[in-house]
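With chain S fixed as given, assemble chain F with the ligands onto it according to the hints.
From first to last, the protein sequence lines are chains S and F.
Take 0 as the starting number for the first sequence in numbering that gives the first Met the number 0 and just add one per residue.
Take 0 as the starting number for the second sequence in numbering that gives the first Met the number 0 and just add one per residue.
Just so you know, the hints here were simulated from the structure itself, not pulled from any lab data.
Beta carbons: idealized from backbone N, C-alpha and C, even for Gly.
It cannot be assumed that every hint is accurate.
Unchecked claim - Sample of chain F residues facing chain S (criterion: CB under 8 Å; computed from the structure): (1) LEU53; (2) SER74; (3) LYS75; (4) ASN92; (5) TYR109; (6) HIS110; (7) PRO113.
Given next are the chains, with one letter for each unit.
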Amino acid sequence: MYWNYLKIALRNLRKNKLFAVINIIGLAIGLTIYVFVSLLIEYEKNHDLFFENNENIYTIMSVFNSGMDLPFDQMNSASSAYAPIIDAELADVESVARTRSAKLTVNINGNSQFERITFADPVLLNIFSFEYLYGDRKALENPDALVVTEAAAIRLFGTADAVGQVVLLNNQESFQVTAIIKDIPLNSHFNTTSGKTQIFAPIGSLQLFTDFDFNGRWRDIWNGNITYIQLPSNLDSDWLDIQLESIYQRHVSDYNKGLVSSIHAQPLWRANYSNWETVGGVSIDLVFSVLSLLIITIACINYTNLAAAQSLGRSREVGIRKTMGASRTELLCQFLVESILVSAVAMIIAITILELIIPLFNNATNKVMQFKYLETMPWLLGTTLAAGLVTGIYPSWLITKVTPIDALRDVARKGKYSTAIREFMIGLQFSISTFLIAAVVVVYAQNEKAKEDNHLFPRQEVYVLNNINSNEDKDNVDLLQLKLDLLQNELNAIPNVKKVAFSNLVPYSNSYPTQVISTVAGDTTNTVKINQLGITPSFFDVYDIPLLAGRHLNGNISNDKYHYNVSKTLNIILNDQALDKLGIETPEQAINTRLYSTKKRTVLREYVVVGVASMPSFIGVTGEKTAWFFYVDPTSSLGSIRFMDGSDAAIVDDIKSVWKKIFPAEPMEGEFLSGIFNENFKFFVFLNAILAGFSLIALIIAMVGLFGLSAFIAAQRTKEVGMRKVLGASSIQISKLLIWQFSKPVLWAVVSALMFAFFASNKYLQYFSDRIEYSILLLLLAGIFSVVLGWITVGAHAYKLARENPIIALRHE
Amino acid sequence: MLKLHNLSKVYRTEEVETVALNGVDIEIQRGDFVAMMGPSGCGKSTLLNIIGMLDNPTGGDYFFFDENIANYSESKLSELRKKNIGFIFQSFNLIDELNVQENIELALLYHKIPSGERKRRVAEVMDRMGIAHRAKHMPGQLSGGQQQRVAVARAVVGDQPLILADEPTGNLDSAHGQEVMELLQSLNAEGTTIVMVTHSPSHADYAKRTINLLDGHLVTDNIRAA
Ligand SMILES: Nc1ncnc2c1ncn2[C@@H]1O[C@H](COP(=O)(O)OP(=O)(O)O)[C@@H](O)[C@H]1O
Ligand SMILES: [Mg+2]
Numbered sequence: 000m001y002w003n004y005l006k007i008a009l010r011n012l013r014k015n016k017l018f019a020v021i022n023i024i025g026l027a028i029g030l031t032i033y034v035f036v037s038l039l040i041e042y043e044k045n046h047d048l049f050f051e052n053n054e055n056i057y058t059i060m061s062v063f064n065s066g067m068d069l070p071f072d073q074m075n076s077a078s079s080a081y082a083p084i085i086d087a088e089l090a091d092v093e094s095v096a097r098t099r100s101a102k103l104t105v106n107i108n109g110n111s112q113f114e115r116i117t118f119a120d121p122v123l124l125n126i127f128s129f130e131y132l133y134g135d136r137k138a139l140e141n142p143d144a145l146v147v148t149e150a151a152a153i154r155l156f157g158t159a160d161a162v163g164q165v166v167l168l169n170n171q172e173s174f175q176v177t178a179i180i181k182d183i184p185l186n187s188h189f190n191t192t193s194g195k196t197q198i199f200a201p202i203g204s205l206q207l208f209t210d211f212d213f214n215g216r217w218r219d220i221w222n223g224n225i226t227y228i229q230l231p232s233n234l235d236s237d238w239l240d241i242q243l244e245s246i247y248q249r250h251v252s253d254y255n256k257g258l259v260s261s262i263h264a265q266p267l268w269r270a271n272y273s274n275w276e277t278v279g280g281v282s283i284d285l286v287f288s289v290l291s292l293l294i295i296t297i298a299c300i301n302y303t304n305l306a307a308a309q310s311l312g313r314s315r316e317v318g319i320r321k322t323m324g325a326s327r328t329e330l331l332c333q334f335l336v337e338s339i340l341v342s343a344v345a346m347i348i349a350i351t352i353l354e355l356i357i358p359l360f361n362n363a364t365n366k367v368m369q370f371k372y373l374e375t376m377p378w379l380l381g382t383t384l385a386a387g388l389v390t391g392i393y394p395s396w397l398i399t400k401v402t403p404i405d406a407l408r409d410v411a412r413k414g415k416y417s418t419a420i421r422e423f424m425i426g427l428q429f430s431i432s433t434f435l436i437a438a439v440v441v442v443y444a445q446n447e448k449a450k451e452d453n454h455l456f457p458r459q460e461v462y463v464l465n466n467i468n469s470n471e472d473k474d475n476v477d478l479l480q481l482k483l484d485l486l487q488n489e490l491n492a493i494p495n496v497k498k499v500a501f502s503n504l505v506p507y508s509n510s511y512p513t514q515v516i517s518t519v520a521g522d523t524t525n526t527v528k529i530n531q532l533g534i535t536p537s538f539f540d541v542y543d544i545p546l547l548a549g550r551h552l553n554g555n556i557s558n559d560k561y562h563y564n565v566s567k568t569l570n571i572i573l574n575d576q577a578l579d580k581l582g583i584e585t586p587e588q589a590i591n592t593r594l595y596s597t598k599k600r601t602v603l604r605e606y607v608v609v610g611v612a613s614m615p616s617f618i619g620v621t622g623e624k625t626a627w628f629f630y631v632d633p634t635s636s637l638g639s640i641r642f643m644d645g646s647d648a649a650i651v652d653d654i655k656s657v658w659k660k661i662f663p664a665e666p667m668e669g670e671f672l673s674g675i676f677n678e679n680f681k682f683f684v685f686l687n688a689i690l691a692g693f694s695l696i697a698l699i700i701a702m703v704g705l706f707g708l709s710a711f712i713a714a715q716r717t718k719e720v721g722m723r724k725v726l727g728a729s730s731i732q733i734s735k736l737l738i739w740q741f742s743k744p745v746l747w748a749v750v751s752a753l754m755f756a757f758f759a760s761n762k763y764l765q766y767f768s769d770r771i772e773y774s775i776l777l778l779l780l781a782g783i784f785s786v787v788l789g790w791i792t793v794g795a796h797a798y799k800l801a802r803e804n805p806i807i808a809l810r811h812e
Numbered sequence: 000m001l002k003l004h005n006l007s008k009v010y011r012t013e014e015v016e017t018v019a020l021n022g023v024d025i026e027i028q029r030g031d032f033v034a035m036m037g038p039s040g041c042g043k044s045t046l047l048n049i050i051g052m053l054d055n056p057t058g059g060d061y062f063f064f065d066e067n068i069a070n071y072s073e074s075k076l077s078e079l080r081k082k083n084i085g086f087i088f089q090s091f092n093l094i095d096e097l098n099v100q101e102n103i104e105l106a107l108l109y110h111k112i113p114s115g116e117r118k119r120r121v122a123e124v125m126d127r128m129g130i131a132h133r134a135k136h137m138p139g140q141l142s143g144g145q146q147q148r149v150a151v152a153r154a155v156v157g158d159q160p161l162i163l164a165d166e167p168t169g170n171l172d173s174a175h176g177q178e179v180m181e182l183l184q185s186l187n188a189e190g191t192t193i194v195m196v197t198h199s200p201s202h203a204d205y206a207k208r209t210i211n212l213l214d215g216h217l218v219t220d221n222i223r224a225a
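Next up, chain S with everything else stripped away, as it sits in the complex (with noise of 0.2 Å):
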């Protein structure tokens, strides 16, 4: 039995061969995009699975308090202060191991470079299974030792054979390699997409180059800062998220409870997951999710549409059936197999291109994605059978229903009972790539226009150093002071260069410390949040920041500038946004105005305002506005080189130069500011192009579909069109009557999809405070083209139709 139905479909298949490519490339692009992106979530989620004991290793999982306005909701870190307590108290726990990473100059025989160098404790090592080259799990038990990946050994000494060897972090303090492990692999969450984890040193030693206290602190929690538990396989992590409840609400102040709410366990697996959520800001799995379900939408609709038409062309075959003792469920039956054969060609189609898209994936992001076919069988079956089923069971259910005799007689053909829902399922293919081509040219509008706005700072022109003073010794600001005046008379006297400023952001970076300020002294209830930034004074001419009222500050009047150490009044400038906030009219107003920075009543510091200067926006790439005042910080670490326009090429050399002179045993660190909002900004262009990729793609889809159908429908016409023309329609007229049975559906498609387009991307326009004013415009060029489009297509079939000679479209049935 099934072998008939099989045997009829391939049949049938062979018979309208266009139809048949048309429906297997369609679906076959559906389930690519679709089997791709499961596969990539898969991938993503499953990390980490090669370390011994995985199933038995945790990470502390820090929930954020609500209040404090994260981007994201928690993060997978935790406070360095529970390890030590958990080793403590839970004498159950096997292991407990912190990891920081820290990025310092590496000097080998002389030369220097910056490393990420992950300090853990030395119980990491067994916990992480990781296999040993040379030296073995007890490598970081001198506070002195390194443990360094095969490929970081080759790259740093020149061969994976370097334990033994010296190295001096920070230009101070040497260390010595006492293990060289293999590379740990790509699918781990040690590796990245921010780095690769390729060197390790004991916790403890982080102590000779930051304010890291090995008992732990409080509020050290970010990307990268994770702790890690094994447990013995009876335990699992029911049992520890109790424990850690129960440490959490008897260790953690009411202070810093407010910061974290709550801790629990999360499996290592999701370790790289937790990651990607957090680095992605909008989690993008559910965006990459939504896509991949609109285009197999498209597909399954193009498939469901052609092969609804189709079966109308077959309701004979039905009739003889039915007039033969076959049940409607029999009927059902095959033409259900047929369908699930059509997705079963499409689904060894897309599983070829995914064998060549993989490789070439996995080469452009550094993933090791694989494609295992035997644990992946259940879900590809089940997928296949799925989508033949999706897709089969609305024309088998249409060409069933007929009655015997009124199958043998045809009626269905000229029925219009379909035409609804035909023109349903055209129009929300339609509508599908329509809001998809909306959404790309409104995100890259407003992507350009972005790039554009951010000419508010003149980040063509300007140079950025990092890591100035990062050897030096803090305290001793004098000194620091003396260096950075040194370098900034230095750069200055290069040619190109114009001005050069001092401070401890630069434009579009990420973080920004904030500080509550008050207008009351000891007032701890009307507080508002200002972000401070400390520069040097020259900042305002490197970056064009204009002064809107008061004067400009200056290093040489004492209370411009800060001292950490010493309590007094600090002499400040607001931005615009400040004042808004602070509740403050007019620049001038501003002027004297003191603040004060609060903690628990006490005043920490008293601010009085001497001027008021227009920086709209700051941090991010996406022109957000934020209150900001400026104060003299003498210990900044970033510099901003301002040069002539134009002369960027020849300008590093310089600087280096002047670099080596001060600072000769310290690598340089730097790039244009162009790059840091380039880097930034990409998570916006990489939105773009995936957006771009899914639409065009969805494109290709729909207009196939229309393509066929319409051949499909112009078929049917032959007759009639023959006819009219005989009649004396001319071949305009009868191009306009096909074009109009297909611009029903279209247009309405048009109208419903620009809506939603105009909801969507009101919401990614959001992310900007300079939103670009013609998307309405937009959104309304990118209908008019999916409509011109979808004439073109159903126009070339009509155009052929109609210039037919009559004779040879009568004689056609």
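Structure of chain F with the ligands alone, referenced to chain S:
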């Protein structure tokens, strides 16, 4: 075998109402060979389709083996039809994508008969109809007469007691037409009940009984003396 009582059929479309059958009373016995005649549009096909359970009457009763099936649902009719009735159409109605053998097998496909048994019966019927050498041909490769032989083979392979034929010779030349009539006659001789629509008085002569329809009414019903 079957009895129609005061049977009527009205087609309703949006604009018009057509009375295709109006108070028809007929009784057909097992072993009958009935020829139905009448001008085009008088309701012959409609009557045959109702007898064949492809369509429901609008009024009246239809007793099939003493069971009134006038208002049976499609699935119930489908079951009865499968067991009892074979069809031959004017336009042959073979499936173009299946070859001769597969087309004939179609009549057994929906009857829970094992595949080997099906093959055997199909081969037997093809032998009897003289089309065995055409088994692998597609319908498009056969002449009209050959196609109708295949259709007859398909109608008889299921061994149903009743065969309905709507103008089986309408699309055939006279030689082929005669051939088909002889086939039907020999089937009837073996005990199959046959109801046939025809325009040709000479073909009607093969039947034992002739019914004349006019405008949905039964006008004459002649049983030929044997
Ligand atoms: N599906 C239908 N819808 C409307 N009218 C029909 C339909 N089928 C048949 N008729 C009408 O019923 C009458 C009888 O038709 P039919 O039984 O096919 O006649 P015959 O087979 O005797 O030529 C005709 O007037 C025909 O137009
Ligand atoms: Mg007729």
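I'd like to know which numbered hints this structure contradicts. Please list them from smallest to largest.
3 and 7
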